[in-house]
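*Asks:* Below, each chain spelled out in residue letters.
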Amino acid sequence: MNKTVANAEEATRDIQDGMTIMLGGFGLCGIPENCIAALVKKGVKNLTCISNNAGVDDFGIGLMLKQRLVKKMISSYVGENEEFERQLLSGELEVDLIPQGTLATRCLAAGYGMPAIFTPAGVGTEVANGKELRNFNGKDYLLEYAFDADFAIVKAWKGDMSGNLVFRKTSRNFNPMMAMAGKITIAEVEELVPEGALDPDMIHTPGIYVHRIFQGVNYEKRIEQRTVRKKA
Amino acid sequence: MLDKNGIAKRIARELRDGYYVNLGIGIPTLVANYIPQGMDVVLQSENGLLGIGPFPFEGEEDPDLINAGKQTITTMPGSAFFDSAMSFGMIRAGKVHLTILGAMEVSEEGDIANWKIPGKMVKGMGGAMDLVASAKNIIVAMQHVNKAGESKLLPKCELPLTGVRCVKKIVTELAVLDVVPGKGFVLLERAPGISVEQIKNATRGKLVIEGDIPEMDIQ
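Note that the protein sequences, when read in sequence, are chains P and D. Mapping of the first sequence onto the numbering used here: position 232 corresponds to residue 232, and the numbering continues sequentially without gaps. Mapping of the second sequence onto the numbering used here: position 104 corresponds to residue 1104, and the numbering continues sequentially without gaps.
If we strip away everything but chain P, and leave its shape as in the complex, we get (with noise of 0.2 Å):
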């Protein structure tokens, strides 16, 4: 099945104004720069974003907080951006922090057709506030839903035209479950290949979930913190 797509901004083409949309990536790694470039430039506006943390203030959702192009973030993290936290504090930005776990699982049940889970985190604390509580074999659990997202953007290393994924190291973190959770399903890539050239037993998302994919260009895959030792 042929599922290409020429570059971001054909991938991106129906995105529109209000939408719920979630970026794969944790901190600036594993982020599908190619998508926000186009969002960006597309400047669809009052967006609401689902993704681990905002970027940094001049890179990554970063750039489309700048723009203005998001009316809400679900985020777990979001330290290193101080536009975000400025435009979080000042009341710009309507804000959703949730625990990591709850937010990768609240994408895994979207993607394994579930309708809520139950988790302990954030049992006892603000983020309980509203939500209902079971509690099993003695210990408090809280229900949280499946999110509902009408595109998912993720990158991976690899993919085939048939949208099967291969993500590289630590940037594989919130991708493949967020691929699982759009309702539309983008991915960029690092390599683009024919159908037959992944080992079937290597993939991390199969295709069924990916509904666009394009070779990636100019990946900057900018570090963070960029920590070293000297050889002896």
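Be aware that one or more of the hints could be misleading.
[Unchecked claim] Here are the simulated BS3-like pairs of lysine-lysine, each with C-alpha atoms no more than 25 Å apart in a straight line:
# : chain 1 : residue 1 : chain 2 : residue 2
1 : D       : K1169     : D       : K1156
2 : D       : K1147     : P       : K169
3 : D       : K1136     : D       : K1120
4 : D       : K1169     : P       : K72
5 : D       : K1147     : P       : K71
[To be verified] Now the stretches of chain P that chain D is said to cover, found in silico as 3 or more residues with beta-carbon under 8 Å:
#  : stretch
6  : 1 to 7
7  : 38 to 45
8  : 61 to 75
9  : 80 to 88
10 : 100 to 107
[Claimed, not checked] For each label pair, taking beta carbons as the anchor points, the in silico distance ranges come out as:
#  : chain 1 : residue 1 : chain 2 : residue 2 : range
11 : P       : M202      : D       : G1089     : 57 to 65 Å
12 : P       : L89       : D       : G1018     : 41 to 49 Å
13 : D       : E1215     : P       : D199      : 52 to 60 Å
14 : D       : M1121     : P       : D17       : 48 to 56 Å
15 : D       : K1136     : P       : L89       : 34 to 42 Å
16 : D       : V1208     : P       : M19       : 54 to 62 Å
17 : P       : D14       : D       : K1136     : 58 to 66 Å
18 : D       : R1016     : P       : K71       : 29 to 37 Å
Since the hints were made in silico from the structure, they are not lab data. Ideal Cβ positions, reconstructed from N, Cα and C, are used throughout, including at glycine.
The hints should help you fit chain D onto chain P, whose structure is shown.
*Replies:* Positioned in the frame of chain P, the structure of chain D alone reads:
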């Protein structure tokens, strides 16, 4: 008084052979430098890696290989990558034996606050709420008092909570303490050169002092 490395060194003495351990950002990350020779400890990074290796050599950094603090790292022989859902699956299922993290406040009941100062700082909880809700053993590494000189060991946390009744042990620049719900902060060890009186003055929650308190041995 201990410096940051001293706190990390003392916490490293809580590691046991065969442990899978999650280290938070800051002082906890330094614990990796003091794992005893020959001890088999695997470090988990919640962004999807078991077996965190040392920082890469200059020029060998890989943007696809980072820890939860977004620092470039390497793998170890026997490392494994996985996605974020599985990462928190293994945490939730209690497979990670020990979580070491920082805190802004800890209460004498073992409640912890470390993610938000209303109106001032909102960084988010990251994986901390998942970790403290599920880890069997949680050790907090932190300074005993904050920058304003106020105790961070309190009868009740004043900042928004990260988790309730979960912290088991605290290591600060002044002391090692167990947290026993219903009892309080049980003083176990003093840092070199620190008196029980100094620890008392820096602790606002209930401090339990039973018998002679030994000076810690971090050699």
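*Asks:* Taking each numbered hint in turn, which are not upheld by the structure, reported in ascending numerical order?
*Replies:* 2, 3, 4, 5, 6, 7, 8, 11, 14, 17, 18
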